[in-house]
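Residue strings, one per chain:
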Amino acid sequence: MTFIEGNNPLLPAETNTIITDPMIPNLFTIKKIFWETDDTFTIEIESHDKSSFNFKPGQFNMLYVFGMGESAISICSDPAKNKTILHTIHRVGNVTSKLSQLKKGDTIGVRGPFGSNWDVTKFYGKDVVIVVGGIGLAPLRPAIYSIFKERKKFNRIIILYGARTALDLLYRVELEHWSKTKNVEVLTTIDRGDSSWRGNIGVVTNLFNYIKLDAMNTYSMVCGPEIMMKFSIEELVKLGVEEKNIYLSLERNMKCAIGFCGHCQYTSKFICKDGPVFNYSQVKDIFNLYEV
Amino acid sequence: MNDKNSIKVVDRNAIDGIISLLKSEGFITVGPTLRDKTIIYDEIENTSELPIGWTDEQEAGHYRIKRRNDEALFGYNVGPHSWKKYLFPPKLELFEANKNGKSFEIKTILTDTTKYAFIGVRSCELHAIQIQDKVFNNWQYKDPNYVSLRDRTFIIAVNCTQAGKTCFCASMDTGPRAKKGFDLSITEVINPNEHYFVVESGSDKGEDILSKVETNFATEEQIFKADAEIDSASRNMGRALITDGIKDLLMNNMEHPQWNDVAARCLTCANCTMVCPTCFCNNVEDVNDISGNHTERWRKWDSCFSLDFSKVAGGNFRTSPKARYRQWMTHKLASWIDQFGTSGCVGCGRCITWCPVGIDITKEVKAIQDNPVN
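Quick mapping for you: the protein sequence lines, in order, are chains A and B. If you count the first sequence from 1, position 35 lands on 35 in the working numbering, and the numbers rise without skipping. If you count the second sequence from 1, position 287 lands on 1287 in the working numbering, and the numbers rise without skipping.
This is chain A alone, in the form it adopts within the complex (with noise of 0.2 Å):
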């Protein structure tokens, strides 16, 4: 085989194309890393060029540990915010688990951002609720913190957030801060509490009971497990919530972000491009068949 002198991303010599190889990280160094709970744990992350990071909230970035791999993860900081982002990462596999043995100082490959995002600019007006289970509160702050910016184009926000016990809430300061805000509500419950604990337990849609929906002016955006997403919808829907003023984000294997890998099908979309935030209608003659 021959090649050509050159950088990729060069492209022939002949047609000057340059084209930007869609595949190649960007190196960024680790500025903080602390742990959120038990096995989920915070990067906040600045490009080694200390180049602006811009995305929407919902957007997620491939991030890249040398010799480990990829990992797709949502972004968590606040989009306002563009010289460093965040990312909250629940450490399950390899890539996240050597990701959560960097320190400051250490260095990541970053791709992104990608995939579509919340926009809540849509939500002017209205109520907005916000149910979330386990790490899906993550790629949820920075469409809670785009609200917060422009509170009084905003109605009542509601946040429904259910988590394995106690120690497994994410953001506790926040949500601390965010429950005590005028005309916003924070409930949160457990799967597994003890005898400390003085909240709910029980599965994210039991808070449907203490919440009353204007369903006509509601929107909701929804993250979670898959069937956490499934009965969530389903609450939304007999409350009389429409269909089409619910979002959703849905998660798949990714390895190229892309559309190249085919990994992320979800019959005719590709998560990674076309998602990963759905509009509930566009999605739900599929959403409840099993191994799509």
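Honestly, the hints are just simulated from the structure, not real lab data. Even for Gly, the Cβ is constructed at its ideal location relative to N, Cα and C. Errors might be hidden in some of the hints.
[As the list claims (entries may be wrong)] DMTMM-like cross-link-like pairs, simulated, lysine to aspartate or glutamate; straight-line CA separation at most 20 Å: (1) LYS273(A) with ASP1133(B); (2) LYS1102(B) with ASP49(A); (3) LYS104(A) with ASP39(A).
[Unchecked claim] Non-contacting residues of chain B with respect to chain A, defined by C-beta distances greater than 12 Å in every case (computed): (4) ASP1042; (5) ILE1044; (6) ARG1067; (7) ASP1070; (8) GLU1214; (9) THR1219; (10) ASP1289; (11) LYS1311; (12) GLY1314.
For chain A, the structure is supplied; the task is to place chain B on it using the hints.
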């Protein structure tokens, strides 16, 4: 399309002339050749390396080569290889990285600038290449390696003058006549009295090459005979698939009992995805050296039939063979249309021939068409 006056006729020597001209221009000339009792694609020097006088016999789960009673150069259909092995290589290094203290450096891989000349591309395969163009060279993202190779490729199409028992390009409207996307197209006419090749150019580059070898204007009779051969291939397709409304049919029948039926036969071996000329799924793998200071990232063909394909941290979305076969077939024939504006199937029949248990995509579709539940 050329008007009839510009259609040329050449003999075998001219084809050799074209190959050597392409070689002198730095092209790697690739074409069908015989290996291990199979017609595959590999580098060829001249027409003597083509499977001259051979043909293939194909059926569901069956492939044999047989002697023809003539010396035809292109008297067979498609084998297990497709051109995707060149444009979308089974293994491709994406980048290398070397440790540098707390950081690391990424070394990009130079884009492959090989100039391939594909000799003997069938119409179904031309369509397959155009389908992969939509995947790897789309408006949003481009695979630099694919684009680099594709831009340089010279394509000599061969119109099929016979159809295999697993062929159904006529159903998919992808053949047997190559209509566009080639530099030159050839129709071989062979009978006890004559042996000639009707040649048309499909690009300036093709026209240029053709002008450098000895040609004659094709007579009306020669063109008529060539067209008749292609028409006969069209009428003799071994398989057929009704594509009207196929997208809605399959999407509305995701729980059809036929999926369980085919799942009981399917070995989930992934042969169909490997031989399919449009299947593009791939995986990435990281390879480290023993020092831990050097790593490489490789892209490899993957298949939606492999168990790990849809695995995520919390579990696996498609574990049952039913779900995996359904994913493959509904993607190929239905959701592909939403994704890329075209079917993912070109009717080449490879998935039928190379399935070790002889699962036939046309029969599976028909079973649902005959008894839809929705």
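Quiz prompt | Violating hint indices (sorted, rising) | solution = Those not satisfied are hints 10, 11 and 12.
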